[in-house]
Amino acid sequence: METKITKEIIAHTAKLSRLELTEEEEKGMEKHFASVLGWVKTLDAFDASSVPATAHISDAVNVLRDDVPGEPFGREKLLSCAPERSEDSYIVPRVVE
Amino acid sequence: MSGYVPTIGLEVHCELKTETKLFCSCRNKFGSEPNTNTCPVCAGHPGVLPVLNRKAVEYTVRAGCAIGCKISRYSKWDRKNYFYPDLPKAWQTSQYDLPLCTGGEVKITVGGEEKTVRLNRIHLEEDAGKLVHGAGGTAVDYNRCGVPLMECVTEPDMHSADEAVAFLEELASVFRFAGVSDCRMQEGSIRADVNLSMSRPGEPLGTRTETKNLNSFRSVRRAIEAEIRRQTEVLESGGKVVQETRRFDDATGEGYGMRGKEDAQDYRYFPEPDLMPVVLSDDDVGRIRASLPELARDRRKRYTERLGLPAYDAEQLTCDPAVAELFDGAVNAGANAKKAANYVMSEIMRKGKTAGEDGIIVGISGTQLAELLALVDKGEINLVSSRDVLDRIWLTDETPSAAVDALGLRQNNDEGEIEKLVRDIVAANPGPADDFRKGNEKVLSFFVGQLMKATKGKTNPKIAGELVRKVLSE
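If you're matching them up, the sequences are chains A and B in order. Residues 1 to 97, numbered by our numbering, are exactly what the first sequence covers, in order. Residues 1001 to 1474, numbered by our numbering, are exactly what the second sequence covers, in order.
Derived by calculation from the structure, the hints in this document are not laboratory data. No residue lacks a Cβ here, since even glycine has one placed at the ideal position from N, Cα and C. Be aware that one or more of the hints could be misleading.
[To be verified] Dumping the calculated BS3-like pairs for lysine-lysine here, alpha-carbon to alpha-carbon at most 25 Å:
1. B/K1212 / A/K15
2. A/K77 / B/K1029
3. A/K27 / A/K15
4. B/K1130 / A/K77
[Unchecked claim] Reference excerpt, derived from the structure (chain B facing chain A, CB under 7 Å, subset only):
5. R1027
6. P1034
7. V1048
8. L1049
9. V1140
10. D1141
11. P1271
[Stated by the list, open to error] Quick list of the computed label-pair ranges, beta carbon to beta carbon:
12. B/T1007 / A/T6: 45 to 53 Å
13. A/I57 / B/R1200: 35 to 43 Å
14. B/S1365 / A/V95: 29 to 37 Å
Next up, chain B with everything else stripped away, as it sits in the complex:
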């Protein structure tokens, strides 16, 4: 044991899911053709004027409300100056001394223990463009440039990779449920910088390094573990940790210091003359706070305490806001909570997940799900054919009942009609019928099978079994 304990603080960047960029009306859309969502404002042409997106301010305030931040009544913008081709203006419009939100905290559970991670601030700024390094030069795509970005800065309250990842997962869940960000790691809509130092308990904190731009929970974990190992080795061999900015290479699993960045911190912030401050009244903040949907933690509590679901189900149902919305919608439309939970966790998750690794696509409404479950409950269809119904109504407005009719799946529950069919089948198969009367129970399933074949599986299997037994026993 080295006796050194890591202290970790994170800076987390989340893109807001507004329709447009922060300072211009270009679309905020991932995956477009390069440079199609650009205009003179976000491409940094001279003489243009930025105009702040109201929704971006509201979303940041909503995010702050969700984690108990103090919301600033007066907030302003500043220029953070640096030369790099991902920002064509040569500065990033950000917030320096008066951010929209200060303080706040996130509760995490690691190894069965609950812990609080405090936040220092959340500020609103613009994202930078994307660079693609090639042999001949670097290609620049400004589609992402100017996309609204929240930067959440924590206090140095974490002491392991597990805690840092748990914090990121909880923060992403809060923002997703608050409806302000998709927090999709794959699309780069949530990224983290890790500040880490090592010290012995009771001693002052050590020199910290900053590892920038980690874009998956897995990279965050690996980068932290690698940096803990590196700094411990440096300290144990009597060396000193140098304060520096580092990168983490996912391919090699190693971090490395960025050369020539000794002046990187010299951003020469100054107030942005092209943007006016934002002043929020108590009413504004109250209205935004009221727009905050129920968060995952509160939903889990409600599912276990009020709906009586197991903790596992509650956890699964709150993996994604769309899933939780579907479940709540179905229960509100009269579905049994446990039956709805089971169906969501099996059929919906299976179908929704194939649509994309990062998150889930939910292709039906709560009302549709409630009706589908009611049809199964009443024996109109069985669980197996419910999948065909699901496939048909997925991403449409069609009612399950209409889909059942269109697919011809409705089960025959008419006992008189079924009995007549059973009598025909028994009459046509005197041999097996005789076997049954001699005590061979197994032939029962032969007759049910024949009945299903004759009706293309659309006979209620429970009624079929009962009637076959009745007719054979006469």
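Just chain A, same shape as in the assembly:
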């Protein structure tokens, strides 16, 4: 499947990733995206018709744990990693829907 990398695709992807790109950066990204896709296209040379589709490279299934609570990790250790915080919560820029 051929995907042409357009300005619109770059703008849309940037928006989904909450990135603000300058026009210059968008142009650069367009080239970069195209080269990445071209590289992945190498896979087309491989005949995969005899290989069953899979979502994972490992055969492992049912990796499960019992429903038993562990030791609390400690709020302070986690909150101390946050760029902005209050005493008990993470603080992010006000989001309004």
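Assemble chain B onto chain A, guided by the hints.
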């Protein structure tokens, strides 16, 4: 009449009542201090690995069995990507093309008519955190982040707010009785999204809108009614309904479109590389199916057909699984079904309901209830003092009999002893005794009252009446 008929489909989210979260061993507990039930996994730190909770898989399968879903023998997880601070990883781990359960149906009764609402699927995913919007910024609490959540998607089989609410009530009842979710609206453990379109009979379905995150049955009803009115007005004035995601404001009773969400559906799902698929054998499914308790509908049938209870009683007793369990426990321990039902519907419901608006707390066991009713039956205590016994044994293991003794409530049924007391009282009150002999029946209650006063109400009132009459008539 506009001639437009609504078509409604629901997406219902129910939190599972596991001990821990879906992918880490943090507690799944409502009402904790903010961010105390968190760890690097559910707080979305880099380099962590999720490990799936076995119980969450079992509960989802059990829920599927309860409503006749096909249980997938091979199921996998996917990433649903979106940027919002309620999910620190920037994706929600969910199930896209291979959910745990597909199909299924729920029977509802609306206006005396039975109807079937089909389900499309039930999948298992993680809940998101809670945001509190303030003036300076938004505070984020990740206690709920990673809590196991079942998403149940219906087919567009409902055509009124009544049907949608009846469906939600029945689904919540099934999940509660199946023991997989508390479905407490107040705690947000069941929430619904409403998909709604309007069309004329015989014509193709109209453009639908989705109203998200309704967290009470009442909001669901009001949101549906408001959206039916809005879409009908748009269509009748010659306009077109725009496909959009909407919110419903409980305060104003109005829905509104969410701006800037035109890309919201672009979730770029892809298989979750950190989680392995779940493969279930027929034995696994059989074992989980066998663990399914008797559901409310089946219990109601049994109560009316086998125990001979009125339909009203059966309905009341199955309002909550704990109430039904108590009733069944009492009957199994030898209580008379109708007497147990009456006591549960009056005393237990009264006492249990004060503990919380959302659901009922049942503070005694079936065995305790059966014994309490037997004590009343045998005349050891009367119905009024049974309340004191109930208060004392509530949420304890104490036997009603021990409580009766501890409270000194046991009624005196010893006729010889009571007769002696009656003779003393009659002798001390020659005037009223004379009145009785002259034909004044009313003074009988005076003597019974005196007897009760002397024994602090602990005389069997039936025996007291009989003996007073006997002594006065001599």
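If any of the earlier hints don't hold here, list their numbers in rising order.
7, 8, 12, 13 and 14
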